[in-house]
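Student: Below are the chains, spelled out letter by letter.
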Amino acid sequence: MTDTAWIDAALTSARPQAVGALLRYFRNLDTAEEAFQNASLRALKSWPQNGPPRDPAAWLIMVGRNVAIDEVRRSRKQQPLPEDDQAISDLDDAEDALAERLDGSHYRDDILRLLFICCHPDLPATQQIALALRIVSGLTVKQIARAFLVSEAAMEQRITRAKARVADADVPFETPGAVERTERLSAVASMIYLIFNEGYSAGGDTTEARAPLCEEAIRLARLLLRLFQSEPEIMGLTALLLLQHARAAARFDKDGALVLLDDQDRSRWNQKMIAEGLALIDKAMRHRRSGPYQIQAAIAALHARAEKPEDTDWTQIDLLYGALELMQPSPVVTLNRAVAVSKVRGAEAALAMIEPLGERLSNYFHFFGVRGAFLMQLGRNDEARVAFDRAIALANTSAEAAHIRMHLDRLMRDSQPRGAKAK
Amino acid sequence: MLYAILCYHDEDFTGSWTKEQDAAVMQKLAVVQDKLAKQGRLGPVARLLPTTSATTLRKENPPVVLDGPYAETKEQLLGFYVVDCQNLDEALDFARDLGAANPGGAYEIRPVGMFMPGSVAK
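As given, the protein sequences belong to chains F and Y, one line each in that order.
Note that the first sequence covers residues 1 to 423 in my numbering.
Note that the second sequence covers residues 1 to 122 in my numbering.
Mixed in with the good hints there might be a few duds.
Stated by the list, open to error - Listed next, with one range per pair, are the computed distances between beta-carbon atoms: (1) Y:Ala37 x F:Arg268: 17 to 23 angstroms; (2) Y:Asn61 x F:Ala178: 51 to 57 angstroms; (3) Y:Gly79 x F:Asp282: 17 to 23 angstroms; (4) F:Ala275 x Y:Pro103: 26 to 32 angstroms; (5) F:Pro48 x Y:Lys38: 33 to 39 angstroms; (6) F:Val171 x Y:Ala100: 17 to 23 angstroms; (7) Y:Arg47 x F:Arg268: 53 to 59 angstroms; (8) F:Asp263 x Y:Gly79: 32 to 38 angstroms; (9) Y:Asp89 x F:Asp263: 53 to 59 angstroms; (10) F:Asp70 x Y:Tyr70: 39 to 45 angstroms; (11) Y:Tyr70 x F:Leu44: 55 to 61 angstroms; (12) Y:Gly79 x F:Pro121: 26 to 32 angstroms; (13) F:Leu261 x Y:Ile109: 30 to 36 angstroms.
These are computed hints drawn from the structure, not numbers from a lab.
Just so you know, even glycine gets a beta-carbon here, dropped at the ideal spot from N, CA and C.
Pulled out of the complex, with its shape left as it was, chain F reads as follows (with noise of 0.2 angstroms):
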């Protein structure tokens, strides 16, 4: 690796603890990313010269926080005092001590607060992935806009507006209690599997400007289950994401529509993924407190345990299915559960299930993508065509209209009549 690439990787990496830090001590999210910035700036000159220091987020903290108040002493048009000054840009025998502060009580609180308050309730979902991605990962704007198909003056601006909320909620920096830190868990989270599903959800088109953001909420959530190693729920997101992410070289073919998942080259999902994945579901599973995400990866692990489409276990996807619509009962989990119905009982029991939904997903897309299968399924071509119309005119992406066109054509060849199909 060159040393510039290096360094990229080491400020990636040390940049949510040292954020988080320089924001307890600044209590201003601008004030912190600014000395982070300037830390990242003087960090490219010095160590390529003078080597990488032993502990890099330590340093950029200590670099970071002393640029900060140099900078304030000087607004304020003061006199620095020269002994003050000495001591601090005095940076190897003060890193030492730093460091040895920095390990253990305060590290897992910080990023969990840095993260936190880049997903507060009072910020829409856009914004809340939108300041994540800018604040704890460091993509550029011009990177999230690119991502999120706006331009980057709009992109600019949606996160100054996040910032400028964040900065009014007022989020505790005192230590959180252990119910605080629960609840804080869980809102970061969510806030991750957006951002995973920011990037999961795109189309053909779009897919090298996305998958990006699924690596980056992997990253995350890896962050965030090494902070609490022991909570069952952040294992069991850790694991769906990658066992979704698993498949991504699968999902779309060359020219960019979209694989189901009975069509998909299973050689193609990523091994080392899908065992890492299986890894976290298993240590999960352990502490018998089941919880959304979990089921979620239970069932994305049944799937990628099939070799083939059809050695799946829809029986059990079934049953886990219907353990999440107790859990967290939702018209688009009944529609999932719908769809293992149909491999176990048939299309006409999936499309009783369905029914009832119509006027709660009147606007899905995947509501009548679904019931058009169903249809198909049972020779009501007529109704078949009438939904995936309706599919196709609410698809979110070009490729999700693609797949649909797809089930329109083959309705169209298997109703014409015989003597037309030699032509």
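Once you've looked at the hints, dock chain Y against the given chain F.
Tutor: Same frame as chain F, but now just chain Y:
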């Protein structure tokens, strides 16, 4: 003499590599390993999954199962090699070559007392 070479590195750091950076490092390491492999001196090589996937069994009475790796350290055990070397110098040379391919962290070189090649197929 057989030596185990235990690889320690900051997991946060190696986890921040892009896919391309990771592949480039693995490629460079493969070149170093190849030299020993050609001489029939390279034993088992393992890269471990992240420490978040680890579980620790403390052999108390009764044994206690804990989530996470055995030790909370700044750098984590991320993999190992078993190599056949004449002496420590040779083992250190190999470790130096590995280190040049993958800078940062540390290698612990430990002579092996008992070795069973095992029969696990990949």
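Student: Taking 32 to 38 angstroms as the stated bounds, is the beta-carbon spacing between aspartate 263 of chain F and glycine 79 of chain Y within them?
Tutor: holds (36 angstroms)
Student: Could you check the hint for me, namely that valine 171 of chain F and alanine 100 of chain Y are 17 to 23 angstroms apart, CB to CB?
Tutor: Roughly 46 angstroms apart at Cβ, these two residues miss the hinted range, so it is violated.
Student: Do the Cβ positions of leucine 261 of chain F and isoleucine 109 of chain Y conform to the proposed distance bound of 30 to 36 angstroms?
Tutor: violated (47 angstroms)
Student: For arginine 47 of chain Y and arginine 268 of chain F, compare the CB-CB distance with the range 53 to 59 angstroms and indicate the outcome.
Tutor: The hinted range 53 to 59 angstroms is violated for arginine 47 of chain Y and arginine 268 of chain F, with Cβ atoms some 21 angstroms apart.
Student: Does the hinted range 55 to 61 angstroms hold for tyrosine 70 of chain Y and leucine 44 of chain F at CB?
Tutor: With Cβ atoms ~36 angstroms apart, the hint is violated.
Student: Quick one: are proline 48 of chain F and lysine 38 of chain Y within 33 to 39 angstroms, going by C-beta?
Tutor: Given a distance of about 35 angstroms, which is inside 33 to 39 angstroms, the answer is holds.
Student: Is it true that the C-beta distance of aspartate 89 of chain Y to aspartate 263 of chain F lies inside 53 to 59 angstroms, as the hint says?
Tutor: Once the Cβ atoms are compared, 57 angstroms apart, the range 53 to 59 angstroms for aspartate 263 of chain F and aspartate 89 of chain Y holds.
Student: Mind checking the hinted window 39 to 45 angstroms against the Cβ distance between aspartate 70 of chain F and tyrosine 70 of chain Y?
Tutor: Taking Cβ atoms as reference, aspartate 70 of chain F and tyrosine 70 of chain Y lie about 43 angstroms apart, which means the hint holds.
Student: Could you say whether the range 17 to 23 angstroms given as a hint is met by the Cβ separation of glycine 79 of chain Y and aspartate 282 of chain F?
Tutor: Between glycine 79 of chain Y and aspartate 282 of chain F, where Cβ atoms are some 21 angstroms apart, the hint holds.
Student: How does the Cβ-Cβ distance of alanine 275 of chain F and proline 103 of chain Y compare with 26 to 32 angstroms: does it lie in that range?
Tutor: holds (27 angstroms)
Student: Regarding alanine 37 of chain Y and arginine 268 of chain F, is the given constraint of 17 to 23 angstroms on their beta-carbon distance met?
Tutor: Roughly 28 angstroms apart at Cβ, these two residues miss the hinted range, so it is violated.
Student: Range first: 26 to 32 angstroms. Now tell me if the beta carbons of glycine 79 of chain Y and proline 121 of chain F are that far apart.
Tutor: With a Cβ separation near 42 angstroms, glycine 79 of chain Y and proline 121 of chain F fall outside 26 to 32 angstroms, so the hint is violated.
Hints 1, 2, 6, 7, 11, 12, 13 from the earlier list are contradicted by this structure; the remaining hints agree with it.
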